[in-house]
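Once you know that position 77 of the sequence shown is 255 in our numbering, the rest is easy, because the numbers rise by one and skip nothing.
Source of the hints: derived by calculation from the structure; they are not laboratory data. Honestly, I wouldn't trust all of these hints.
[Unchecked claim] The following label-pair restraints were derived from C-beta to C-beta distances:
1. G452 / V339: 39 to 45 Å
2. E745 / T415: 49 to 55 Å
3. D343 / G603: 45 to 51 Å
4. G603 / A324: 33 to 39 Å
5. E517 / R737: 17 to 23 Å
6. I487 / E416: 53 to 59 Å
The C-beta atom is built at its ideal place from N, Cα and C for all residues, glycine as well.
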Amino acid sequence: MTCDSLMLRRIVTELRELSGLRVERVLPQGRARFVLEMRTRQPLGQVLVSGDPDAPRLHLACDREPVPGTDSPLTDVLRRHLRGATFTGAEQLGFDRVVRLHFANCEGLGPQSRRDLIVEISGRHTNVLLVDGEGVILECARHVTARVNRVRQSLPGEPYVPPPDFGKVDPSGLTVRDLMALSSESGLPWPTWWRQHLQGASDVFLAVLAERACLPLEVTLEDLDQTAWERLGLALTELLTAASGPGHGYVASPPGGRPVAYPVPLPGGWQALGVLPSLSSAIEVVHERVATTRALERQRQCLRSCLEIAVERARRREAARREALRKAEGAERERHLGELLLAHLHGLRPGQEEVVLTDWETGEAVTLRLDPGLSPAENAQRYFARYRKLQRVRETVPALLAEVQAELQDYEDLLDQVAEADGEGLGVIEAELLQRGLLKASRQARPPAKAGYRRTTTADGYAILYGRNALENAAVLREARPDDLWFHVQGAPGGHVVVRTDNRPEAVPQSTLIEAARLAARQSLRRREATVAVDYTLVKHLTRTRGAAPGHVLYRDFRTLFVRPRE
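Generate coordinates for the entire structure from the input sequences, incorporating the hints supplied.
See the structure below:
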């Protein structure tokens, strides 16, 4: 979320509440981000300034502490010049995204010693600069050399040059007549014209302005009559007036977008998320939510990458074992060739590289490759050795193939859970991957999440335990009793569902069975299918296999219900 011009107008109003206070501390917060702490007993005694291009902003804050290891040349210079200085006010440059914070008595040299902290919020070009009373840059968060910008360098010792306005006009104080004079007969949509000629035309601002003026965004200039221009001018005046004084902060999300904090109510089609006492507090809430979302997405991506690697390795093992079984199908052929060679030992001589013999079963000629360094009998034993090797493969590999197929199914189930899990669920999955050795613990790893199971109650009053991942499934199995009923979707990964029967499984009504089966279907990969087959049996009919992943069982003596997950 980026602060636009209307937001900065309200922020400047909120910052002026701190005028006359002294700067006590400069608290580093991260990359190009810091807090100026003022001497006050009020809770809003801090100003957060962020020149981070990913999250540029300026607003009041509270209860911030310095983040170790995040000092920068800018924070060092700010401490030297602003500690003990008096904050004298803030102003916005026109209706642009540039704010000046004014300070006096800098470096303790008296009221005439002045400094300005300039915050330029402009996407990837965002910058924070400290300038002296003569307008010379003392330090800045982002150094811009002549190679990057010949016209406007941002370096210590260089004079500060404001950002170019590109001919755009400050809309503050413009009348309807002024707006109409700036326009011309054109087929351009009015928001496009507004962006080209007026400052502060962010997408959010234009969406709010369009709703207040009852003007769809696709309406062109040539379609605007006198009444439409008057509505547009009135809406502009209302927005500027509302943002020029104190007020609430409104939080809402556009369809399919991220939350936004704004000084006025947002469009009606947006999802309202709350109203805060001030815009600064609303910005804090939004950025905390965005930071949490980004952290969850990073964790989700890490787990997804880990599982995708595990799936790929499991598939390679599965393919290798299938190929071994395919080759093992020729075991009997190797044995037969060895017997054929033994039957014709009398006609063989040492040193032969191949021999052509008649197969007594088919009557066809068979060419056998021989090792000239071995005797005829030893060559025959080579065929029998290959037969025994392939026979061992036929005996052992099917179990290994089933094991890797179960492992692959488990990984795919976890991938599905990662896509939909919340923060707690991702923590449980991360703990499971750490336990399996698929994920390496970081030096500052969080404590492993404790896996438990989830509970609900049916309409008939029966308690249900269920899990949504392997560790939760294992917890359900540990808690289940022999005469409880166990449910699982047929032939697909999914959660375990157990119905408490109080040792009377035969008394459980059909409605509870169907409710539990639907829950099992919704906890599986088949949740979006119209009809799903769900098996159920007594817990005492489950078998836990040694070495299998948590929550994996075999079951017998089951019945099947066909249910609709979405009902």
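Status of each hint after checking the structure:
1. G452 / V339: 39 to 45 Å: Check passed, 40 Å falls within 39 to 45 Å.
2. E745 / T415: 49 to 55 Å: Since the Cβ atoms of E745 and T415 sit about 54 Å apart, the hinted range of 49 to 55 Å holds.
3. D343 / G603: 45 to 51 Å: 50 Å Cβ-Cβ, so the 45 to 51 Å window holds.
4. G603 / A324: 33 to 39 Å: 52 Å, violated
5. E517 / R737: 17 to 23 Å: For E517 and R737 the Cβ distance comes to about 51 Å; the hint is violated.
6. I487 / E416: 53 to 59 Å: 56 Å, holds
The structure shown violates the earlier hints numbered 4 and 5.
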